[in-house]
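> Okay, here's what each chain looks like letter by letter:
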Amino acid sequence: MIRSDEQPAEQFAAWAQQREAARLGMWLFLASEVMMFGSLIMVAWFYRIEHADGVAEAVAGLHYGLATANTFMLLSSSLLMSLALIASEQMFSQPRPLLRVRRCLLGSAVLGLLFLTCKGIEYTLEYREGLLPGFSADSPLYLPSARLFMNLYFIATALHGVHVLVAVGLVLWLWARLKHLAPHQARTRIEMTTLYWHLVDAIWIVLFATLYLVGR
Amino acid sequence: MSAPSYLHKQGLMSWFLTQDHKRIAVLYMITVTFFFFVGGLAASLIRIELVTPNGDLLTADGYNRAFTLHGVIMVWFFLIPSIPSVFGNFLVPIMIGAKDMAFPRLNLFSWYLLLGGGLFTLLALLLGGVDTGWTFYTPLSTMFSNGHVVAVICGVFIAGFSSIFTGINIIATVHTLRAPGMTWMRLPLFVWSMYATSIILVLATPVLAVTLILVAAEHLFQIGVFDPRLGGDPLLFQHLFWFYSHPAVYIMILPAMGVISELITASGHKRIFGYSFVAASSVAIAVIGFLVWGHHMFVAGQSMYASLAFSLLSFMVSIPSAIKAYNWSATLYKSDLTVTAPFLFALTFIGLFIIGGVTGLFLALLAADLHAHDTYFVVAHFHYIMVGAAVAGYFGALHFWWPKITGRLYPQLWGKITAVMIFCGFNLTFFPQFILGYLGMPRRYHTYDPDFQFLNVLSSAGASILAVAYALPFFYLLGSLRWGERAPMNPWEAAGLEWRIPSPPPTHNFEAPVIVDFEAYDYSPEARRDPL
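In the order they appear, the protein sequences are chains A and B.
Using our numbering, the letters of the first sequence correspond one by one to residues 1 to 216.
Using our numbering, the letters of the second sequence correspond one by one to residues 1001 to 1532.
No lab work stands behind these hints: they were computed from the structure.
Hints may contain errors.
[What the hints assert, rightly or not] Simulated DEER-style distance windows between Cβ atoms:
| id | chain 1 | residue 1 | chain 2 | residue 2 | range |
| --- | --- | --- | --- | --- | --- |
| 1 | A | W173 | B | S1464 | 51 to 57 angstroms |
| 2 | A | W173 | B | S1014 | 41 to 47 angstroms |
| 3 | B | I1354 | A | E20 | 57 to 63 angstroms |
| 4 | A | E20 | B | S1002 | 52 to 58 angstroms |
| 5 | A | T124 | B | P1228 | 44 to 50 angstroms |
[What the hints assert, rightly or not] To list a few chain A residues with every Cβ distance to chain B over 12 angstroms, as calculated:
| id | residue |
| --- | --- |
| 6 | M26 |
| 7 | S39 |
| 8 | L66 |
| 9 | L165 |
Think of the CB as a built atom: it goes at the ideal place given N, C-alpha and C, for glycine as much as any other residue.
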């Protein structure tokens, strides 16, 4: 059982207020992330409508199986993050919830890393197929608009990959530092990291549909 | 004995590692002042070049690089951070009765982002620069430009995150840190306008970020998103760019409008006329501002029906803008007016804003825009808003809150002279450009038809007055730090929480927790003005 005389940051009167501010700040940040990926996804859909034939050619060559496995891993990692959050809520009522939180965090970090590994394999395959822009003279894709969509795929998944990398970094940091954090602070950080992780997951679901699934 | 002021602590590290919103505001002030003079220097080059019809001072390419430097620095490293990051940081927590911003560390981090992004951009611009203009239009920026496009884009990208973090901080602060009794309808109008601005900062800036990523990738790897050879659409760039950059104009002007509401009420010692309308008009401008980007593309080949809709929506922005201008004037009617330097800056703002706003309506009109598009008419219009009005707002804020920030009074006469010089110099610089544009002089050329010389000479003459006027405060305000009288708590006899704490404020702003039991702009005779 944890008892704490931990004080909130000096500009806040109570922990509830500090947590509310952190939550609002995080949601605002997520809103800006949605605008960022939203415009990229809008661009992808614009070209899907504009060049249906080229997009179909590009989509047919994508590594659908690897991406499905990746979706599965990212969704599972989100489940583990939610379990970590639930366990952290019990930090004030039950003994030793920290161990459970840390296990869940480590689990999602590992799944996140597996996602990145899979993505790396996918990129390697595509590099060998000569699809990477700027690194191969001739693309095997016949239609110019197929090359355009393929390049958009690289930009969108790379940007998303950077987000997964940041999320994994945050979770690993939390996992390592959790013992040293005061309980209120720990709980707030776990909640914020979870929110960010879920967003990265949600964006992937939309990207998966936009890039791989539709028109297959 | 009262608590020591926020300026009390000494040493460079006490500044570079500070989490005090007031000190961060001062850091921002120094930074944007630096960039203002850099951008101003480029503007001087442009105006000197344009004194004669031939290109004598700069080559065509050098001229392109000079106006790009001017635009990039002024837009992203002066206008956008100026009022939100300097005065928003300093004032929002004090005005709502809080000890600090919600996220002090993020606040400091966003200053480092702006400084880092700015210096990086400046380096890239000085090492050769770019010739694309601040708009980075494709396919020029992606296929033909040979400058440091990617480096400059990186700098702007980094600074963009500074904007996003500042916006998040302000919204979270206003929502969660208002003192007990500080209801939304008691917020000073400056806070309302900062809130509306922050919505734009958070939602529009990420779109610019993605657009810049796409331009950089296109430039480096020819990905084809904006390249017709692969089926890409160069016009898509303009849609994405203006989806950010038109709201960005409101990032520049909304905070200045908030400043003017404070200046007008404090000079007239009277409650603002129609508080709720002025407050709501800020939010309305922010919301409608997201829906008008297509008016930059009337002649770019977008569909006629899209142009019609964008034209109508652009006209709608004038409604909340006019509400503000009328309500400021109505506030002054039968008020107990004191003519101070800040008041003259407020009048300068209103005058220039009205000219800039009305000529904006010309450009929102489809038929008129066809004639005036890409001429000096457009240049004059947006300088009236973004420079004339927004910089008058910034200078007004500087003169109004300087005693609060530094604890020193400056010579009022010099402030008044500056305000009048800005008004005259500005009109002399930019009004001739309306006529030039109407007569057909195109933007972005370093040479022009000799028939246009007289008006160009007038414009450059005005620019030299303007340059002196913009530089003057640098001297007398800095001088006031050494020779100025100590400022009392409330030198303007103004209402508002910031005038009820010492000048300069103590580190935690308020010595006791604040409870608000009065309305905003309570200038009634029985209102209390005693220290908190």
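> For the pair W173/A and S1464/B, does the Cβ-Cβ distance stay inside 51 to 57 angstroms?
holds, 55 angstroms
> Return holds or violated for the Cβ distance of W173/A and S1014/B against the range 41 to 47 angstroms.
violated, 28 angstroms
> I want to verify a distance hint. Is the separation of the beta carbons of E20/A and S1002/B within 52 to 58 angstroms?
violated, 32 angstroms
> Minimum Cβ separation between L165/A and chain B greater than 12 angstroms?
holds, 16 angstroms
> Taking the beta carbons of I1354/B and E20/A, is their distance inside 57 to 63 angstroms?
Check failed, 41 angstroms falls outside 57 to 63 angstroms.
> Holds or violated: is the Cβ of S39/A farther than 12 angstroms from all Cβ atoms of chain B?
violated, 5 angstroms
> Quick check for students: does the CB of L66/A sit more than 12 angstroms from each CB in chain B?
Fine: 22 angstroms to the nearest Cβ keeps L66/A off the interface.
> Using the beta carbons of T124/A and P1228/B, state whether their distance is inside 44 to 50 angstroms or not.
Between T124/A and P1228/B, where Cβ atoms are some 31 angstroms apart, the hint is violated.
> Report holds if the minimum CB distance from M26/A to chain B is greater than 12 angstroms, and violated otherwise.
violated, 9 angstroms
Comparing the model with each numbered hint stated earlier shows that hints 2, 3, 4, 5, 6 and 7 do not hold.
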